[in-house]
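J.: Working from the sequences, and respecting the hints, build out all of it.
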Amino acid sequence: LAKTTQPISMDSYEGQEVNITCSHNNIATNDYITWYQQFPSQGPRFIIQGYKTKVTNEVASLFIPADRKSSTLSLPRVSLSDTAVYYCLVGDSSGYSTLTFGKGTMLLVSP
Amino acid sequence: DVKVTQSSRYLVKRTGEKVFLECVQDMDHENMFWYRQDPGLGLRLIYFSYDVKMKEKGDIPEGYSVSREKKERFSLILESASTNQTSMYLCASSSVGQGSNQPQHFGDGTRLSIL
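So the sequences go chain by chain: A and B.
Reminder that position 40 of the first sequence reads as 60 in our numbering, one-by-one numbering, no gaps.
Reminder that position 105 of the second sequence reads as 1127 in our numbering, one-by-one numbering, no gaps.
Everything labelled a hint here was simulated from the structure, so no lab data went into it.
No false leads were mixed into what you were given.
Short, incomplete list of chain A residues facing chain B, as computed with Cβ under 10 Å:
hint	residue
1	T54
2	Q69
3	Y107
Not close to chain A: a few residues of chain B, all C-beta gaps over 10 Å, as computed:
hint	residue
4	L1033
5	R1036
6	R1090
7	S1109
Quick caveat, the model's predicted, so the values are computed rather than measured.
Cβ coordinates follow ideal geometry from the N, Cα and C atoms, glycine included.
T.: The following block contains the structure:
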């Protein structure tokens, strides 16, 4: 089971870049790293996914070092609406039953 | 756009009742999932299904069962509701692939209270 460790919470201000790091020391060869965002009273929403190096989309960037034991979600120039819980998810090739979202990181963006 | 619809946003039931939570997806996804979310515990997988009439236990299946008679619909059943099943229930779907490699699309959840 590829467990993940993230900070419980982070604070930032509008316009800043926010980096949230996730540790996954026992990631398997076939695992991908996926990040989700969740607002109150809503289901999680897929943000970005990667396997190695760097992935960028219109919302965020994902940095994965060569050993893949960690990953960093980067949110450029955050706004108040980016206040949410962010989950790091690592797939486990042993089967669907081992999917684990963890407790996520609560990001609070202030004016 | 992708759509996962859960039949109720809020539901109140009594202890001992049989409770049905319904989920429908319109993306022709093979995989469907039921999670519960509790403060401080994150999302925990209850059951999942990778095909019609197929089901697999997740991390916390006790007290629950599921039904998948059609590809687009996945039902979660509380056989005899108890107060410790008061929670937010989230349904998700994904296309075929290995484990969480395929992004999951979530509904907005059903907040279930058992009195």
